[in-house]
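**Student:** What follows is each chain in one-letter form.
There are 2 protein chains.
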Amino acid sequence: MSDYQAPLDEMRFALNAVADLGTIASLPGFEEATPDLAEAILEEAGKLAAEVLGPLNHAGDLAGSLFENGVVRTPAGFREAYGQYVESGWNALPFEPEYGGQGLPWTLAIAIQEMWNASNMSFALCPLLTQGAVELLQAHGSPEQKSTYLPKMVSGEWTGSMNLTESQAGSDVGAAKTRAVPENGHYLITGQKIFITYGEHDFADNIVHMVLARTPDAPAGTRGISLFIVPKFLVGDDGSLGQRNDLRCVSIEHKLGINASPTAVMAFGDNGGATGYLVGEENRGMEYMFTMMNNARLSVGVQGLAIADRAYQQALAYARERTQSRALGRADPAPAKIIQHPDVRRMLMTMKSQIEAMRGLVYYNSAALDLAKRHPDEATRKRTQSLVDVLIPITKAWCTDLGCEIASLGVQVHGGMGFIEETGAAQYYRDARIAPIYEGTNGIQALDLLGRKLLRDGGEAVHGLIAEMNTTLEDLGSMKGKEITAIRGALGEGIMTLEAASDYLLDTGKEEIERAAAGASPYLRLFGTVAGGWLLAKGAAAATRQLENGGDDNDPAFLQAKLVTGRFYAENIMPQVAGLISQIIAGADSTLALDEAWF
Amino acid sequence: MSDYQAPLDEMRFALNAVADLGTIASLPGFEEATPDLAEAILEEAGKLAAEVLGPLNHAGDLAGSLFENGVVRTPAGFREAYGQYVESGWNALPFEPEYGGQGLPWTLAIAIQEMWNASNMSFALCPLLTQGAVELLQAHGSPEQKSTYLPKMVSGEWTGSMNLTESQAGSDVGAAKTRAVPENGHYLITGQKIFITYGEHDFADNIVHMVLARTPDAPAGTRGISLFIVPKFLVGDDGSLGQRNDLRCVSIEHKLGINASPTAVMAFGDNGGATGYLVGEENRGMEYMFTMMNNARLSVGVQGLAIADRAYQQALAYARERTQSRALGRADPAPAKIIQHPDVRRMLMTMKSQIEAMRGLVYYNSAALDLAKRHPDEATRKRTQSLVDVLIPITKAWCTDLGCEIASLGVQVHGGMGFIEETGAAQYYRDARIAPIYEGTNGIQALDLLGRKLLRDGGEAVHGLIAEMNTTLEDLGSMKGKEITAIRGALGEGIMTLEAASDYLLDTGKEEIERAAAGASPYLRLFGTVAGGWLLAKGAAAATRQLENGGDDNDPAFLQAKLVTGRFYAENIMPQVAGLISQIIAGADSTLALDEAWF
Chain A
21 MSDYQAPLDE MRFALNAVAD LGTIASLPGF EEATPDLAEA ILEEAGKLAA EVLGPLNHAG
81 DLAGSLFENG VVRTPAGFRE AYGQYVESGW NALPFEPEYG GQGLPWTLAI AIQEMWNASN
141 MSFALCPLLT QGAVELLQAH GSPEQKSTYL PKMVSGEWTG SMNLTESQAG SDVGAAKTRA
201 VPENGHYLIT GQKIFITYGE HDFADNIVHM VLARTPDAPA GTRGISLFIV PKFLVGDDGS
261 LGQRNDLRCV SIEHKLGINA SPTAVMAFGD NGGATGYLVG EENRGMEYMF TMMNNARLSV
321 GVQGLAIADR AYQQALAYAR ERTQSRALGR ADPAPAKIIQ HPDVRRMLMT MKSQIEAMRG
381 LVYYNSAALD LAKRHPDEAT RKRTQSLVDV LIPITKAWCT DLGCEIASLG VQVHGGMGFI
441 EETGAAQYYR DARIAPIYEG TNGIQALDLL GRKLLRDGGE AVHGLIAEMN TTLEDLGSMK
501 GKEITAIRGA LGEGIMTLEA ASDYLLDTGK EEIERAAAGA SPYLRLFGTV AGGWLLAKGA
561 AAATRQLENG GDDNDPAFLQ AKLVTGRFYA ENIMPQVAGL ISQIIAGADS TLALDEAWF
Chain Y
21 MSDYQAPLDE MRFALNAVAD LGTIASLPGF EEATPDLAEA ILEEAGKLAA EVLGPLNHAG
81 DLAGSLFENG VVRTPAGFRE AYGQYVESGW NALPFEPEYG GQGLPWTLAI AIQEMWNASN
141 MSFALCPLLT QGAVELLQAH GSPEQKSTYL PKMVSGEWTG SMNLTESQAG SDVGAAKTRA
201 VPENGHYLIT GQKIFITYGE HDFADNIVHM VLARTPDAPA GTRGISLFIV PKFLVGDDGS
261 LGQRNDLRCV SIEHKLGINA SPTAVMAFGD NGGATGYLVG EENRGMEYMF TMMNNARLSV
321 GVQGLAIADR AYQQALAYAR ERTQSRALGR ADPAPAKIIQ HPDVRRMLMT MKSQIEAMRG
381 LVYYNSAALD LAKRHPDEAT RKRTQSLVDV LIPITKAWCT DLGCEIASLG VQVHGGMGFI
441 EETGAAQYYR DARIAPIYEG TNGIQALDLL GRKLLRDGGE AVHGLIAEMN TTLEDLGSMK
501 GKEITAIRGA LGEGIMTLEA ASDYLLDTGK EEIERAAAGA SPYLRLFGTV AGGWLLAKGA
561 AAATRQLENG GDDNDPAFLQ AKLVTGRFYA ENIMPQVAGL ISQIIAGADS TLALDEAWF
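Protein chains in written order, with the working numbering: chain A, 21 to 619; chain Y, 21 to 619.
Source of the hints: derived by calculation from the structure; they are not laboratory data. You may find that some hints are simply not true.
Stated by the list, open to error - Below, simulated DSS-like cross-link-like pairs (lysine-lysine); rule was C-alpha separation at most 25 Å, straight line: (1) A:393 <-> A:166; (2) Y:166 <-> Y:393; (3) Y:197 <-> A:357; (4) A:197 <-> Y:357.
Work out the full structure, taking the sequences as your base and the hints as a guide.
**Tutor:** This is the structure in structure tokens:
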């Protein structure tokens, strides 16, 4: 098993050339985010990932989290690593300074999240869940709730968990049945929640459960869901931990992957009701959830990118080291490193080019989030928010699907060794598989893209994003070279295809929502493929400019590699759009045609 | 977890309408294979799969095979199931009657293998390895070797194992270093082999290891490899088991999947040398291996089909039972069965249509094998053998890649439950992943298709297969209906694309083998996609004819479903060929361009 090393050069390039971190750092409130600080943060995070989190990943998978007598024990070293993570202030990085956060841009936070997830996805899930809880409280908590919970959660001393799913309420969160009955200024919560990531663990003194439940006379469905704070230990007025709340971990799941992270079944109110505190107003719980959803979905998209990069690093190391068979068409009869075999190169380039495309998309999406929140100009905020809304489901679903595909290629590069658990490649294949499922399945993301993001505003936001793509296309028009020519051609074709598919779905969606929905997933895939290609093209344009200037701070060979990788994507990945649009337009009828009895 | 049921209607349809079992059964030597016998065999095998093998699959995965003090214990129930399998005569089904075989067609044997692998892939691996050993001995063993080993191996009382791989010799089998030194009319074998499936187990009294090794003055590489019989227990002249041979299982692997099947590291000759018997002549071992390779690769292709079908059956059962959210665009506000959601239908149709395409390909390929072996006309034998040679790498690689993709869709249909091991869907995802690796990685298959099957005869065999496809296309020309129109259109387009890609590679391969090789895997994928669509089209033509005759023996709705499924494939899967040919033709340069240092 190879060690993880944060790909700092790649990250810097994507942050600067694609996400324009310079502009983000100049936004009001981000004054602290100087280039020097950003650089120091990237390097320090890279060290923690490489030296502490990465080495725990394989052993954590083997040991798994264990459940006994209501207590969860995480694998050896995880608790200590979490302590170090909190102590060094990493948890506070993106949150508001008012409660101890460092107030740094999401763009930077997301690059750091890539490192945590690549080095140890099971570990990284704990802060990810805390992040969601912090955002909910920042946005909707009362001043008292904020001052009680936020300082400890921002620092990471306490963690958060999200309690949405029940056995009958998965994608349909509104079907939740957990009850909340008012009593003495708080509520008594009763019900069972499943799939609660880090619902119980040994990292922290307290766990702040954010729980969706129904009050007695709540309307049916999503409009009757309220949001509650239900802490594991009640908190006294002085901030001290008091009584154990009436909630418990019933069991943890035996899963395909992310075995070091406990996935809990949580029972609330076995002994009369867990004490819960209403966040905001009754019946607005689902609405509140949307405030943290964009960042949470982005963070899951990062997992797809991260696990793909980990799989790539390991496959690459193996391909450079393993010798087998002579190289085709070369004079040397000695066994070659397998990276020299064209089919292995094809696999590695497929991994590498799509990883860079994903990294561009994830960082660009984060930058748009920062702009939408902080830009002084309201029109710019609004415009970038509409880009964010379109990009989020694409980032989540496209990156997590690719995460699985790339982890699978990573196994394949290893040949027989890939199937042996000691090698490590198999763990990424298993770990990656959850990301297309949680935080809204990728099918749900596709429906979100189609319904809320494309149809609801008549295509305005989508066409706004396409306009951004066309700007890059025009920019490439003034540049020369075979790589740029290939990239420009593929991007032009991709944009046209995306426009045609969008226009078709806009028409169809009005009258025949089922037919449009049959094409929702291929549409998201098409969108992701084109958006990824666009941001690689944006990087290629920047690389070309830097090469003209003698490389700026980058090694010219590094910049040249950006052009080659962009061209590979243009010629090997982008052509998939032809099949996808056929599927969207011609494929819907037969998707819906078969009688249910004949499946 | 749902139970496995052999899809007998689907199997019968593919056997009759696609593989033309009637013609196969009329070949000399297959007189026994009457329709009644075939039917009885399918039904009885279906019972064993459903009632004995299927129920052991999940528990076998959980328990795994265990290794202690040189002994392997398979999971509870496996040994008894194997006994029942042998006793009922299943192992002998396809082998020659001379040594106790039933001499039935491969076409039928392969349909049965689908059941064994779908119900319990770990179990099915043991007979698969014995099959390879039996074929080697049938073809190349001396009369004494045959009479000593074959009766017990054909019956399955003894099993076989294939010892090719060494740590430095994976895809490059010719790099094997295991030594064989002549002594007293036999050889002393010394060396270590890895990844030996069922190299040690508790199913049978003896294990007949087929071992590749080098004699002292053998030439380097594949031309210096000889094949030896190295039995676990030496066999006396009277057939009794004698001394334990100098070989042992060192350990078994901790794998991603197929955990019930032991994968052994085997040490030969720790105490001076294991007794081995040369098969055929020295230095011809690799040549001999080719005689069993076609059937072995076909049998691994079956695993892709089988695991996909198992994953589909389980996902379908879940989709029919699970309710979640109201159906889009329908009046009923109650939660719908998720099979009613368009995106779930899309996943199920993607699974179903490709499974039927794979089944068509696997059975057709088997029928071609039978024809090539048994047809009275030599020209027909030769022609069908050339089809077989082209089809084998496609069947192996395309079906096993799809096996992984479809098992992954099976996980996704289950949502969160798919990630929980108790559900069972995750096991198929793990088990499926080995099939693209072993018996020649799929990259090796693609190079075989390109080099040995396309380039070596200047495209003659490939064009012969394309001519078969065109016959079906012409046949469809006389038929009507929207399904047929869609299927015909896609098939025509697919064939043209396949021809163009083949012609391009024929040209390029002459001068620039590396560039051609960069497109080998996309070419195999393209070939598989078109071949699968062709055989679905063949089925659709047969269904149309049967519908005109009032259904023949089939339910008209079943036949209508064949048309809908064929159309789905035509409109949703076949369009992928556009991207694949771009990749083959335009993508090679950038696949090869990146400097190794910049990966």
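**Student:** Indicate, hint by hint, whether the structure satisfies it.
**Tutor:** Going through the hints against the structure:
no., hint, verdict
1, A:393 <-> A:166, "holds, 20 Å"
2, Y:166 <-> Y:393, "holds, 20 Å"
3, Y:197 <-> A:357, "holds, 19 Å"
4, A:197 <-> Y:357, "holds, 19 Å"
In terms of the numbered hints stated before, the structure departs from none.
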